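> With the hints as constraints, model all of the structure from the sequences given.
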Amino acid sequence: MDTELKKNIKSIKKIIKIGLKEDFSTKGDITSSAIFSDEKGKVQIIAKQDGVLSGIDIAELVFLMVDKTIIFKKHKFDSQIIHNQEIIATVEGRLLSLLKAERTALNFLGYLSGISTKAAKFVELTSNKTSILDTRKILAGYRVLAKYAARCGGAKNHRYGLYDMIMIKDNHIDGAKGITNAVKKVRDKYKNRYKIEVETRNLREVEEALNLNVDRIMLDNMDFETAKEALKIINNKVETEISGNMDEEKIIKYSSLMPTYISIGSLTHSVKSFDFSMKFID
26 MDTELKKNIK SIKKIIKIGL KEDFSTKGDI TSSAIFSDEK GKVQIIAKQD GVLSGIDIAE
86 LVFLMVDKTI IFKKHKFDSQ IIHNQEIIAT VEGRLLSLLK AERTALNFLG YLSGISTKAA
146 KFVELTSNKT SILDTRKILA GYRVLAKYAA RCGGAKNHRY GLYDMIMIKD NHIDGAKGIT
206 NAVKKVRDKY KNRYKIEVET RNLREVEEAL NLNVDRIMLD NMDFETAKEA LKIINNKVET
266 EISGNMDEEK IIKYSSLMPT YISIGSLTHS VKSFDFSMKF ID
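Number 307 marks the last residue of the sequence shown (this note's numbering); no jumps.
Hints were generated in silico from the structure; no laboratory data involved.
Hints may contain errors.
To be verified - For lysine-lysine, the following DSS-like pairs were computed, each having C-alpha atoms within a straight-line distance of at most 30 Å:
(1) K73 with K297
(2) K297 with K194
(3) K214 with K162
(4) K181 with K216
(5) K162 with K181
(6) K42 with K32
(7) K31 with K297
(8) K194 with K154
(9) K65 with K32
These numbers were taken from a predicted model, which means no experiment stands behind them.
Structure, rendered in structure tokens:
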């Protein structure tokens with residue numbers, strides 16, 4: 026299991042418990058428990074489309090939290106390319122336990138593989154010098170998992186929260202009456218403890234941020250020509266990030282300018298679930 030997932034295993038188990046509780050309530054699986062008792066069987070988890078796998082360890086954890094006697098054999102691993110009709114895991118145990126875990130396990134697999142597949146597609150569209158970044162636009166409780174899935178697809182993680190990087194955004198700038206005031210207050214309080222990124226909306230703000238020797242300048246919602254001029258002004262003196270409603274066409278176009286990063290909110294906030302199924306085998 027990924028190091029970051031291991032560090033956050035308690036919170037991940039809590040999310041899984043919530044998912045299982047939503048399914049079981051106080052009565053459990055009333056359909057399966059009426060049909061099965063201690064019968065055992067084997068199932069396969071099958072990909073129903075092409076993409077990049079993420080969440081196989083989480084799926085295994087779901088099954089084991091339902092029944093620790095279950096045997097979960099992985100045939101594919103996170104970050105690997107998978108294909109339609111490919112078997113990614115074989116799971117063996119009590120039929121009742123397998124059916125109780127099925128939907129929760131597939132939900133995690135579908136969500137995370139949806140992110141990793143989308144990330145891989147975005148990464149493929151960029152120039153070699155530009156990296157794709159995720160954002161904090163993630164449903165509460167799923168941040169560690171979603172950011173892990175983005176990494177599985179080849180994207181890089183932006184800050185995890187409000188605590189691990191200074192990011193001076195438009196509301197900070199407007200509230201502080203300018204970028205210079207905002208940066209000064211941050212440096213007065215933290216010195217050089219954190220990297221500083223400044224969001225800019227026009228060329229004047231780009232020049233102001235550049236003169237303050239911040240670590241990264243974001244070009245937010247700039248049209249192509251303005252972004253092009255901004256990058257000329259910056260001239261690779263600091264890291265650069267382009268952001269703002271990025272779709273596939275824009276990713277191709279803006280990555281040709283070779284910014285350091287392109288950040289994409291839709292990578293995690295508008296995810297199409299990857300399709301998996303679970304089928305019994307003899």
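> Which numbered conditions among the earlier hints are violated in the structure presented, ordered from lowest to highest?
9
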